[in-house]
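Q: Here is how the chains run, residue by residue.
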Amino acid sequence: MDTSKIQELFKSELKIVCVGPSLFSTAIEKQGFTTYQVDWIPPAGGDRELQALLEIMGGLD
Amino acid sequence: MNICTRIEKNRYVDSLDTLFMMSVLNEQEGIEVAFASLASDSFKETIKAENLLTDEIRALKGSDFVIVARAESEAAFNKALDIIDKEYASANKVEKKTYRTSKDAVKEHPDANLCQIAVPGEFALSEVTKALNLGMHCVVFSNNVPLEDERKMKELAREKGLLCMGPDCGVANINGAALVLASINNRGPFGICGASGTGIQHVAAILHECGTGVSQTIGTGGNDLKEPVGGIMMQMGIDALEEDPETRYIILISRKPADSVLAPLFCKIEKCTKPVVVFFMGCDRETVEKHGGIYASNLDDCAQRALELVGKSYRLESDEELHQIAAEAIKGVAPYQKYLRGMYTGGTYLDEAMRAMEGIIGPIYSNAPLSPEYKLEVSTNSIRNSAVDYGEEEFTQGRPHPAIDPGIRQPYIMKEARDREVAVIILDFILTPPGHMDPVGYVLRDVVNAQKEAAAEGRKLIFIATVLGTDADIQNKKEQCRKLEEVGVIVAKTNFVAAKLAAEIVRMLGERR
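First to last, the protein sequences are chains A and B.
Numbering (the numbering used here) for the first sequence: 273 to 333.
Numbering (the numbering used here) for the second sequence: 602 to 1114.
Possibly wrong hints are sitting among the right ones.
[Stated by the list, open to error] Lysine to aspartate or glutamate pairs mimicking DMTMM-like chemistry, simulated, CA-CA at most 25 Å apart: (1) K913(B) / E929(B); (2) K872(B) / D311(A); (3) K277(A) / E909(B); (4) K761(B) / E828(B); (5) K287(A) / E871(B); (6) K731(B) / E749(B); (7) K277(A) / D705(B).
It is worth saying that the hints were derived from the structure and are not from the lab.
If we strip away everything but chain B, and leave its shape as in the complex, we get (with noise of 0.2 Å):
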C-alpha cells in the first residue's frame, strides 16, 4: 500500500464539499482509506494516527487543500481522483448566479430581507454584522461562536430592531420555511421562541401530526440565554410572538435560564396577553405559575399544554402499556445481556432520555452525563448503562451535524451491538430539508445485521428508535417509521416515552434475573 496525496495550495473547499469527496473516494476501488480536508493542525493530528502524515503535508498551511490516501497503487489513487473530480463538478454544476459576498448580493437583490450564515464560527460575527447593516434579519448556523461575538452580533441586531436567530440555531421557521436544519411544519397559531432546536422542532413536529402547526418559529440559539448573552434573542422573539396578529399562543423552551436571564424573562411573559406555555427545564411550576405562565415538565409535556389551548392532545402509551410491550420485547434475551446503549445526534434528547431513566435504572454513563462522576472515560467505549451524543463536537470536529452526515455514528452501532452485555440500542433520527435524504436507510444494513450476528449468537439485540420530524418533510416521516419497523425495530411516539420503554426493559431484564 502507498501513501498518495495530492495539494491544491489555497482552495477552499467547505466541510460538506469535503464530506462529499470523502465519501465517495473511500468507495473506490483499490483505496484502503483516504481524507481530505484543509489542513488545519486538528486534520494532521486525524491523518498521523492514520500514519499517513507526510512531510509534505505537515508543512501545508491551514489554507490549503490535501487529499491523502493509503492506496494499492498511484494509478489506483488517480483513477479515483478522476471519478471524484467528475462527480464533484456534477454535483456542482452551477444552475443560477452566485455572489462573493452578501453584500454584491444585496445590491443586485434589495428586496432580500432574510440573512442564513453558515461560515465558521469565527468568521460569523463579521458575517452577521454586514448582514445586519445591510438592513436583513440573520439566522445563524455556525457554532462555537465565542460567546462575547454572540452578545455583540444581538446588540447590535437589537439596535437595529432585526432578529439574529442563532449563532448555533439548528431549527427557525420563519413564514413557513423550514430554515437550517427545522423540519417542514403546518402553520398554524402556535408561536415557538427556543434555545433548543431539537425542543422546538420536537414540539412543532407534534403539533403538526395533531392537526395545528405554527406561525413562527424563533431558534435564538442554546446560549442566547446564558448570562454573557442575557436572553436578548428570546426577549426580542417574546415581543414579536406578542405582537404577531398570528400568533395566538406563545411556547418558550429552554434549558434553564441563568438567574440574572430569567428576571427580565419573567416580566415579559407577566405582560403577555396570550397564554405563554413555559418549558425552561429545572425551573419549578411555582416560579412558571407566579409570573403567568403555563408550565410545562418536559417536552412533550409542553406540546400537551399547548394542544390543550386548542382542544385537541397527543395519545402516548402509558406506563402500564409501556410495561407490556417491554414483557413483550425481552421474550429470546439472553440472561447475561442487561443494558442498554443510547447513541443521540443532539444533547437536548441525551439529556431529557437520561433524566427519564435515571428515576427507573439509576444513572447513566455518558460522555455528557447527568452528574460528572458518570463521565465515560473514551466517548466510543460505552459501560453498563451508557448513552452518548455523537452530536458533541468530540465528533463534528471538521464534520457537519449527524443530521445531515449520519457517517459519524454509524460505524459504533455495530461496535454497541457487539457487546454481549447489550440488550437495547436507542437510536434517534432528524429529518429536515437539508439533512441526509434517508437517514433511516443509511443504518439499516447495520441494524438487520446486529440482529442476525446476535442471533447467531443466541442473544437478542432489542432496537428502539424515535424519528423527529414530519409527513411534509421531503424524507417523510411516515415512510421512515415504516422501514424501521419492517426490520422489527420498536419506533416509539417520543424521545421520553423511547427512554422510559428502554429503561422498563433493562429493569425487567434485572428483575427476571
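Just chain A, same shape as in the assembly (with noise of 0.2 Å):
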C-alpha cells in the first residue's frame, strides 16, 4: 500500500494534538515535542438521550 503520509510523518517535526485529560499532553511536552491540548467534554454534557438527538439533527461536530 501506499505509505506516503506515513513516510512523511517519520520525517516532520510532531505537532500533536491531544484530545483528553491533560497529563498526557504534559507528558509529551516535556519530552521537548509540541502539543495542543483539547479539553474533551462528552458532547451535549453526557446526556445520551440529546446526543442521539442531536447526531440525528447534525448537531454533533
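Assembling the complex is the task here: the two chains are given apart, and the hints tell you how they should meet.
A: So this is what it looks like as C-alpha cells:
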C-alpha cells in the first residue's frame, strides 16, 4: 500500500493534538515536543438522549 | 460519622482529575472515606457497598459530578472540600491555550500531524473519525472500544493512508516521542510493530539498555490481530517500516493472531527485504521460518534475536544461576511458607509469567488463568500459587491504568503478605512519562512493613520485582531498582526471569519439606 503519508510523518517535526486528560499532553511536552490540548467533554454534557437527538439533527461536530 | 455530599449538575470531570480529588480528600483530617465521580450506575453500585448511596445521589444523571464522604462533621467535610478546590485549581493552572475540539486546534495549527486520543471508549470512533478527516495520524489510548468501531476507524485510516494506532494502545514511540504509556527510548535501527504494549516496551527497553534503539514503534492495539479487525494496522505498520529508510530491522510482537489474519501477515513478511523478527505467542518456529521470519519464542528471546542482528546480546541468568539465587533466598523461610503470589499490572506479563511458572510448579490460579479451571472465584482472594492482573477491567473501572494509578494494586500487597503460607511476592513496575513519578516509592512502605510483620512472626517474605523502563525515563530505571534493592527486594532483569526464579524458590521449598 501507499505509505507516503506515514513516511512524511516519520520525517516531520511532531505537532500533536491531545484530546482528553491534560496529563498526556504534559507528559509529551516534558519530552520537548509540541502539543495542542483539547479539553474534551462528552457531547451534550454526557446526556445520551440529547446526544442521539443532536446526531439526528446534525448538531454534533 | 455523617454522610456528606457535594453535587454539581452537568459538570464533566475526567477520571484522572477524579482520582486526584479522591486521593487529596482521603488524606484530610476528619474524613473516614471519600469518593468522587460522575454519578454513573457503576459508581452508585460502588458507594452503595460503602453505605454512602443517598436518595439524592440515586436520582442523579451520569453527567452530574458528585463528591460523597463519611466525615466526622459537615465542617470537616467543608474544610476538606476547600483544600481540594485550592489544590485542584493550582494543579490545573492554565499555562497555555486549550481548545474545545480537535477541529478548533487544527484550524489554528494546520501543521498538526498526529492526534492522541484518550476519551471513553464509546466516544473514540467519533473523535478518531474527526481526526482522520482532518488529515492527522492517530494514536488511540481509549479502551473498551467496540470491535466494530475499531474496524471502522481502521478502514478509514487505511483508505486515507494514515496510521490509527490503538485503540487500547498503551505504547507508541514516533520520531523519538514516547506516546501514551511508552517508555523513553534511544533511537536506533529497529522498527517495532506490535499488538502488545508491554511486549513492545519490553523489547525496546532491552534494546535501549544494550546501547541500540528504535526507529519507530507502532502499537496496533491488542485487538488488531483478532478476526473482526483483521490486522489492518499491523499490515500497514509492516509496509511503513519496510519503506522507512531509518528502519533496518523489523520486529513484530503479538499474542497469537487469528488464523484468518495470519495468512496475509505472513504474505507481507515474505515480501520484506529487511530481516523480520517475529514473536507471535503460540505460533510455532516452523511456520515463522517457512515464511522467512526470524522466530522468537518469548519476549526475552525476541530481544536477543534482534540484538544478534547488530552483533550484541543481553546477558540473563542461567537456570543454574537462578537455582543458586533461590537457594540463598529460601534461608530463613518458615516450613509452612510454600506459595507464591504474582501481582501484575498487565496481562502480557501475567500470561508470560504463568507459562514460565507452570513448567516448574504446575498450574497457577488467576483472574485470567491459562486454563479456565484455575480461575480464582474472587480475584482478590488468592489461593495456593496465584497471580493476579490488576490491569483487568474489574480493577480499573472508572480509574486509570495501574501504571498511572499504583493505588489500584497497593492495598492488596499487605493482604497477600499476611497470608502465612506465602513465601514469595512478585511485583512489576512500569515507567512512562504520564505514569506515577515514583511507582516503587509508592509501595515501598508496604514492602518494608510486610517484611517486618513477617519477621516478627518468625516468617520471611521474599519479594521479587521487575522494572520496565529505561534510564532515560523521567523516573529513571536505575534509581527505581536501587530503591527496591535497598530494602532487600530481588530485582530480576526480566519478567520471564522473575517468574522462573519465583517458581524455583517454591519448588525448592516443596523439596525441602
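Q: Does the alpha-carbon distance linking K872(B) and D311(A) stay inside the 25 Å limit?
A: violated, 43 Å
Q: Do the alpha carbons of K731(B) and E749(B) lie within 25 Å of each other, as the hint requires?
A: Distance ~17 Å between K731(B) and E749(B) Cα, so the pair holds.
Q: Keeping to a limit of 25 Å between CA atoms, is the pair of K277(A) and E909(B) held or broken?
A: Roughly 32 Å between the alpha carbons, so the hint for K277(A) and E909(B) is violated.
Q: Can the restraint linking K277(A) and D705(B) be considered satisfied, given a maximum Cα separation of 25 Å?
A: Measuring from Cα to Cα gives roughly 22 Å; hence the hint holds.
Q: Can the restraint linking K761(B) and E828(B) be considered satisfied, given a maximum Cα separation of 25 Å?
A: holds, 22 Å
Q: Hint check: K287(A) vs E871(B), CA-CA at most 25 Å. Holds or violated?
A: violated, 35 Å
Q: Run the distance test for K913(B) versus E929(B): straight-line Cα separation, threshold 25 Å.
A: violated, 31 Å
Of the numbered hints listed earlier, those contradicted by the structure are 1, 2, 3 and 5.
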